[in-house]
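Trainee: Using the sequences and the hints, build the whole thing.
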Amino acid sequence: HAPSVVGLATVFGAGGGTSSYREVEETDVILLWGSNARETHPIFFHHVLKAVRRGAKLYVIDPRRTSTCDWADGWLSVDVGADISLSNGIANVILEEGLENRAFISRACEGFDAFAKNVAAYPLSRVAQQTGLGPELIRRVARDYAKADRAVICWTLGITEHHNAVDNVFSLINLGLLTGHVGRWGSGLNPLRG
1 HAPSVVGLAT VFGAGGGTSS YREVEETDVI LLWGSNARET HPIFFHHVLK AVRRGAKLYV
61 IDPRRTSTCD WADGWLSVDV GADISLSNGI ANVILEEGLE NRAFISRACE GFDAFAKNVA
121 AYPLSRVAQQ TGLGPELIRR VARDYAKADR AVICWTLGIT EHHNAVDNVF SLINLGLLTG
181 HVGRWGSGLN PLRG
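Residues in the sequence shown are numbered consecutively from 1, following my numbering.
Careful, some of the hints might be misleading.
[To be verified] List time: in silico DSS-like cross-link candidates among lysine-lysine, alpha-carbon distance up to 25 Å:
#1 K50 x K147
#2 K147 x K117
#3 K147 x K57
Since the hints were made in silico from the structure, they are not lab data.
Mentor: What follows is the structure, encoded as structure tokens:
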């Protein structure tokens with residue numbers, strides 16, 4: 001059956017990004033999801049490279065090995081259509097290891113209990129099978145993202161040109177809310193635009 005998304009917030013806002021391109025230079029972890037930013041967003045990728053050169057970790061989540069992967073600390077070659085499962089699996093690891101930002105969740109989110117119950121159905125064994133990824137790579141991304149002082153998730157058409165595009169985006173927003181990586185300098189959620 002199809003992966004499910006249960007949101008942490010009833011209304012997040014408009015379809016714009018929560019942080020600027022400049023802020024990505026000073027973040028600690030960047031998740032580029034469904035994006036070959038080196039070729040499709042070269043100006044933005046220039047900012048990403050500044051972050052990588054100062055020590056930020058870059059993870060590329062994309063079925064294709066693109067030129068963006070040349071600078072990545074990890075390439076997650078997720079099976080097409082398995083983005084929600086991967087996102088829920090990352091959230092499950094974060095919750096299992098107690099890496100969620102409880103203060104942010106209690107202050108800024110709704111529906112946490114339903115969300116936690118939903119992602120509990122995504123243990124690494126299931127997610128690895130659904131995504132085609134190794135469980136240790138998923139765990140490493142979850143830990144690095146959750147433990148980072150500042151982290152950014154960016155996405156493009158790679159996750160929005162699907163029948164479940166809205167749920168794909170909601171699953172990424174949930175990761176930002178779960179860890180409190182939103183509303184602070186150097187942390188955010190950014191759909192990359194043309």
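Trainee: All hints, please: hold or fail.
Mentor: Hints and how they fare:
This hinted pair checks out: K50 and K147 have alpha carbons roughly 21 Å apart, not beyond 25 Å. As the CA atoms of K147 and K117 are separated by approximately 22 Å, the hinted pair is consistent with the 25 Å bound. The suggested pairing of K147 with K57 holds, with an alpha-carbon distance near 12 Å, which does not exceed 25 Å.
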